[in-house]
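Participant: Here's the letter readout for the chains.
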Amino acid sequence: MMEPFQTFKGLVCPMDRTNVDTDQIIPKQFLKRVERKGFGECLFFNWRFNEKGAKNPDFVLNQPKYAGASILVAGDNFGCGSSREHAPWALQDYGFKVIIAPSFADIFYNNCQKNGILAIRLDKEKTDVLIAYATKTSLHLTINLEDQTITGDGFSYTFDIDPYQKEMLLEGLDEIAVTMRHEDEIAAYEQKHTVSA
Amino acid sequence: MKPRTIVDKIWENHLIHCEVGKPDLLYIDLHLVHEVTSPQAFEGLRMNHRKVRRPDRTFATVDHNVPTTENRETKDPVSKIQISTLEKNCADFGIELADIYRPSQGIVHVIGPELGLTQPGKTIVCGDSHTSTHGAFGAIAFGIGTSEVEHVLATQTLWQKRPKTMQIKVNGRLGMGVAAKDLILAIIAKYGISVGMGYIVEYTGEAIRNLSMEERMTVCNMSIEAGARAGLISPDETTVGYIRGRRFAPKGEAFEAAAKEWLALATDEGAVYDRTIEIDAGEIEPQVTWGTNPSMGSSINGTVPDPEAIESEEKRQAYSKALAYMDLKPGTPIRDIPVDVVFIGSCTNSRLSDLQQAARIVRGRRVHEGVRALIVPGSQQIRKQAEEEGLDKIFTEAGFEWRQSGCSMCLAMNDDSVPAGKRCASTSNRNFEGRQGTGSRTHLVSPAMAAAAAISGHFVDVREFEKVH
Ligand code: SF4
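In the order they appear, the protein sequences are chains A and B. For the first sequence, the working numbering assigns the number 1 to the initial residue and increments by one for each residue that follows. For the second sequence, the working numbering assigns the number 1001 to the initial residue and increments by one for each residue that follows.
Derived from the structure by calculation, the hints contain no laboratory data. Where a beta carbon is used, it is the ideal one built from N, C-alpha and C, also for glycine. A portion of the hints provided could be inaccurate.
Restraint-style ranges between C-beta atoms, simulated for each label pair [to be verified]:
#	chain 1	residue 1	chain 2	residue 2	range
1	A	A67	B	P1023	34 to 44 Å
2	A	Y164	B	D1056	29 to 39 Å
3	B	R1072	A	T7	45 to 55 Å
4	B	D1236	A	K55	14 to 24 Å
5	B	D1056	A	I161	34 to 44 Å
6	A	F8	B	K1161	23 to 33 Å
7	A	R181	B	M1047	42 to 52 Å
8	B	E1314	A	D162	20 to 30 Å
9	A	K126	B	Y1191	40 to 50 Å
10	A	A67	B	Q1385	53 to 63 Å
11	B	K1075	A	G172	36 to 46 Å
12	B	R1246	A	K55	29 to 39 Å
13	A	K136	B	M1047	43 to 53 Å
14	B	K1422	A	E35	25 to 35 Å
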């Protein structure tokens, strides 16, 4: 059961890169765990830490002014590559609730919504402005899912979201339970299509 | 009736429920499972006291983590837990598992087709992005996340928004020495890694029709690298011929009946796609990637690009970053790039014909001094067939390591990895930073190109290699 997504206010961390792939979000050495929790410490591991395990001061997440950030704004095609749900788990465990980018890889986008992370597709001009602003100063934004708005520090944008995904997020619905309401239809389908496995 | 694409036909055949403003509820025919993306899904089922609805439509294997050493012993305790967790989950929920000691074990996208589980017209999912491989058979096959794995286990269905369709039509014929891998790498180099976003791609045209099933799998495998949800190819006699006689294929008259239905799934003449791209196969040369995503590639006769010459600021930055990571200088001829490691394997290129092509180059030659070269067959069955043909001897005599089956150095979750700063010619599908090991540098190529690089110590054009040597 995921938590319903309510109006949310948080600090923005800018990530001025395109095509951030899932191997960067969470490198494969951390995919061996059988739990869902605790992946935050592995987030962006190869960028966050140097070979000796010390924090890389140049990496944006390590800069003190972004401590506690919960909204990530990134470039095009965020989350491309693998289907690993460990990527949204790591982002969530680290503290991110919202990810804003001009575009997302399909599977990653779905994986976010299934975990109650709001992935927002926002035009490149707008994300560019947010990234530039958040790089210069500290930017706090309020995300209202019901109204589909992003506001704060003089910004006021609206965004689109699929109505079904919006409803699932707002209500924090357990999708399996929702599907189980269609049990009769599934059974009828199976009756009609008795194909071998 | 209005002409329909194969995607229309399969989609409509699997609709359980549709409602305006909602995704469609689709029936899933086949669910493939592996050790990395499934443990949390099974845990979810247990927590909610749910069962696996159709264990008979679910099939599991271990591939990502498993060692490829002769004795197949897992030393890493964390990998061990992941593997034994899958064993327990399969036992508890009644799912067939191709475990490490079984002759059916192999990379999930290699064994599905090999066992005849993969068939035209099916909806196929797996918690792995390269599930698109199975589309080669004319199936709608796509990767899903772990929450969706849990959903399919519990309900045998998925909510899916109907994607748009894109046709990639490949006219003409591929030249001698140009592989299916070169074709898909060239498409991605030309159109980029997000061209397919939101689409299911159907590959059509003369060049595609002339591909064997194994080559079609190589092409469909990398659809995800073009950003597509899935990629597929309409079934034809090549498809039917491949499936006949396999373990899970229908038998006797049932097979003939099924084959007829499969052929009827092919896209109708005059069906409309949302977008069409056409390319000429004759223009394609053997490819090598030089950067850190699969679109950063060139023909073997090209040079490493100069970021300064690029107009788009964003692309210029991305190219500079990639070249810094790859330690390459602009203007360097691709053929002058040396290699330290050669990996022939992965769900893109580890099938028998891939090994045969590599063996043809390697026969009677030696791996270049200082190069470590590995052959990792995609499955136990392929390994056995290759040994029956004596390919293992050709490879080991040349100085290659002949390994057991698994994902291996494609993502380096087991002990097979490329050391930091080293350069690998790899037949896999991703050249992301650190993919083959922290600090590793990956160049994606075809099996023949990888084999030729192993012998020469740097990249060479296989077409000339075969002439000169
Ligand atoms: S071989 Fe590589 S790409 Fe294929 S399933 Fe294994 S890890 Fe994924």
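Participant: The structure should be examined with respect to each hint, and the outcome stated for every one.
Facilitator: Now for the hints, and whether the structure bears them out:
Our hint of 34 to 44 Å for A67 of chain A and P1023 of chain B holds, since their Cβ atoms are close to 38 Å apart. At roughly 30 Å, the beta-carbon separation of Y164 of chain A and D1056 of chain B lies within the given 29 to 39 Å, and the hint holds. The hint said 45 to 55 Å for the Cβ distance between R1072 of chain B and T7 of chain A, and at roughly 53 Å that hint holds. Distance hint check: the CB atoms of D1236 of chain B and K55 of chain A are about 56 Å apart, inconsistent with the given range 14 to 24 Å.
Under the hint 34 to 44 Å, the C-beta atoms of D1056 of chain B and I161 of chain A, about 37 Å apart, fit the expected range. Taking 23 to 33 Å as the suggested C-beta distance range, the pair F8 of chain A and K1161 of chain B conforms, at roughly 25 Å. Range check, R181 of chain A to M1047 of chain B: Cβ separation about 20 Å, and the 42 to 52 Å hint is violated. For the pair E1314 of chain B and D162 of chain A, the supplied restraint of 20 to 30 Å holds, since their beta-carbon distance comes to about 27 Å.
In this structure, K126 of chain A and Y1191 of chain B break the distance hint of 40 to 50 Å, their C-beta atoms being roughly 26 Å apart. Separated by about 56 Å at the C-beta atoms, A67 of chain A and Q1385 of chain B satisfy the suggested range of 53 to 63 Å. For K1075 of chain B and G172 of chain A, the hinted distance range of 36 to 46 Å is satisfied, since their beta carbons lie about 42 Å from each other. A beta carbon spacing of about 52 Å between R1246 of chain B and K55 of chain A contradicts the range 29 to 39 Å that was offered as a hint.
Take K136 of chain A and M1047 of chain B: their Cβ atoms lie about 45 Å apart, and the range 43 to 53 Å holds. For the hinted restraint 25 to 35 Å between K1422 of chain B and E35 of chain A, the CB-CB distance of approximately 33 Å keeps it satisfied.
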